[in-house]
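Protein chains: 2
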Amino acid sequence: MAITVVKPEDIEKRSMEIITSELNGRTWPEPQFSIVKRCIHTSADFDYADNLKFSKDAENIGVQAIRNGAHIVTDTKMAAAGINKNKLKEYGGEVHCFISDDDVVKAAKERGCTRATICMEKGAEIAKDHPVIFAIGNAPTALVRLAELIDSGELKPALIIGAPVGFVNVVESKELIMDRDVPYIVPVGRKGGSNIAATICNAMMYYKG
Amino acid sequence: MAITVVKPEDIEKRSMEIITSELNGRTWPEPQFSIVKRCIHTSADFDYADNLKFSKDAENIGVQAIRNGAHIVTDTKMAAAGINKNKLKEYGGEVHCFISDDDVVKAAKERGCTRATICMEKGAEIAKDHPVIFAIGNAPTALVRLAELIDSGELKPALIIGAPVGFVNVVESKELIMDRDVPYIVPVGRKGGSNIAATICNAMMYYKG
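Here the protein sequences come in this chain order: F and L. Heads up: the first sequence begins at 53 in the numbering used here, then just goes up one per residue. Heads up: the second sequence begins at 53 in the numbering used here, then just goes up one per residue.
So that you can see chain F by itself, here it is in the shape it has in the complex (with noise of 0.2 Å):
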């Protein structure tokens, strides 16, 4: 096989033209489709098109918290390294990851909890002053304690991404979510990660309808 020569501003144009062709006339309503895409796109993984699971209308409130300012809070730096930061700017919002913080780490170390629950405390202050996006894609345990801060009053986010990935109470924190009355975003089962909770960000911010 030979390498074709195509230009960058090209690529992912084809990129997706070929995963939509793949899908076999399979279609979601925008910006569903956008957001079922771009997870195609960044993982070359179909079970995106199966496993994606949107509370009533989060994605249109996903849009429009970004464009009202809404900040990102994240559980991972590779997220936060993967979300648009100079996109996001330019709506007024911002991305914050905690989670190698020294006061977070303390905290912990403290309290016998995971430094993503402390995260996800902060996360809840800055939620007291802007609409906040949770966009989760490592720590189980970050979903648990947005799902009590929610119950207790504490927490009402604009949107939590529920993208956790792996085999030890994955499926279990999701279902957390998606047992509470509050926008989400879950890639449903054991797949998700960073790269998923930065590109539903992502998707989000760059939908133009």
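In case anyone wonders, no lab produced these hints; they're calculated from the structure. Mixed in with the good hints, there may be bad ones.
Treat identical chains as interchangeable: a pair holds within one or across any two.
Below, a list of computed lysine-lysine pairs in the PhoX-like style, where the Cα atoms sit at most 20 Å apart [claimed, not checked]:
(1) K59 - K158
(2) K161 - K59
(3) K260 - K137
(4) K105 - K89
(5) K141 - K129
(6) K89 - K129
(7) K208 - K65
All figures in this text were calculated on a predicted structure; none of them were measured in a lab.
Given chain F, put chain L in place with the hints provided.
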């Protein structure tokens, strides 16, 4: 389903046990097995049991390179964020990602090529003084430029992790690397990504054999 309380340090152990069990007795010589398991752990995608291709002894060459202070050059900030930099530093290595550097942006514009192309040239400069592992999680053009630099005798990489993900030129660029006499670890086909490139680096760092 209920959340079972699992100590953070036990989650990885339990995850690896689940992965091993679901591999139904399939096994690989170490440290290949560790790399396969960690790719599955990071993606929850068992395709990595089938698509990872190692050139002869590449996994041991990679482990030794890291222990000898190899630097890692990557094409994405997400992979750079995901690689355990503290652990690498213990061996004397550093992670480099030049993709957003001003001189890279400028040179790519002037020459009409991708920024990843320029990044590989900067990586080849580092390889004059240090062993270098190239961990590519996004850009097929990075692998194309590495192949050219190898062919012209300008670069002898310690190892290439060739894990771009996607639909345009990805498969072909991986084949370019596998056609060369160079140590490589490649997820054959469309799959890969920054998370996979980073996790292969970490698996080699964490390997204790």
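Report task. Evaluate K59 and K158 at a C-alpha cut-off of 20 Å and name the case that applies: within, between, both or neither. Result -> Intra 48 Å, inter 17 Å, cutoff 20 Å: inter-copy only.
Requested in this report: Can you give me the call for K260 and K137, within, between, both or neither, at a CA distance of at most 20 Å?
Outcome: The answer is within: 17 Å in one copy meets 20 Å, while 38 Å across copies does not.
**Report entry** K89 and K129: within-copy, between-copy, both or neither at 20 Å Cα
**Finding:** Neither way: K89 and K129 sit 24 Å apart in one copy and 22 Å across, limit 20 Å.
**Report entry** Status of K89 relative to K105 across identical chains (alpha carbons, at most 20 Å)
**Finding:** within (14 Å within a copy, 27 Å between copies)
Requested in this report: At 20 Å max between alpha carbons, let me know whether K208 reaches K65 within a copy, between copies, both or neither.
Outcome: So K208 and K65 fail the 20 Å test inside a copy (36 Å) and across (35 Å) alike.
Report task. Could you place K141 and K129 in one of the four classes (within, between, both, neither) given a Cα distance threshold of 20 Å? Result -> both (18 Å within a copy, 18 Å between copies)
**Report entry** Within, between, both or neither, where K161 and K59 count as close if Cα-Cα is 20 Å or less
**Finding:** between (50 Å within a copy, 12 Å between copies)
The structure is inconsistent with the numbered hints 6 and 7, although it conforms to all the rest.
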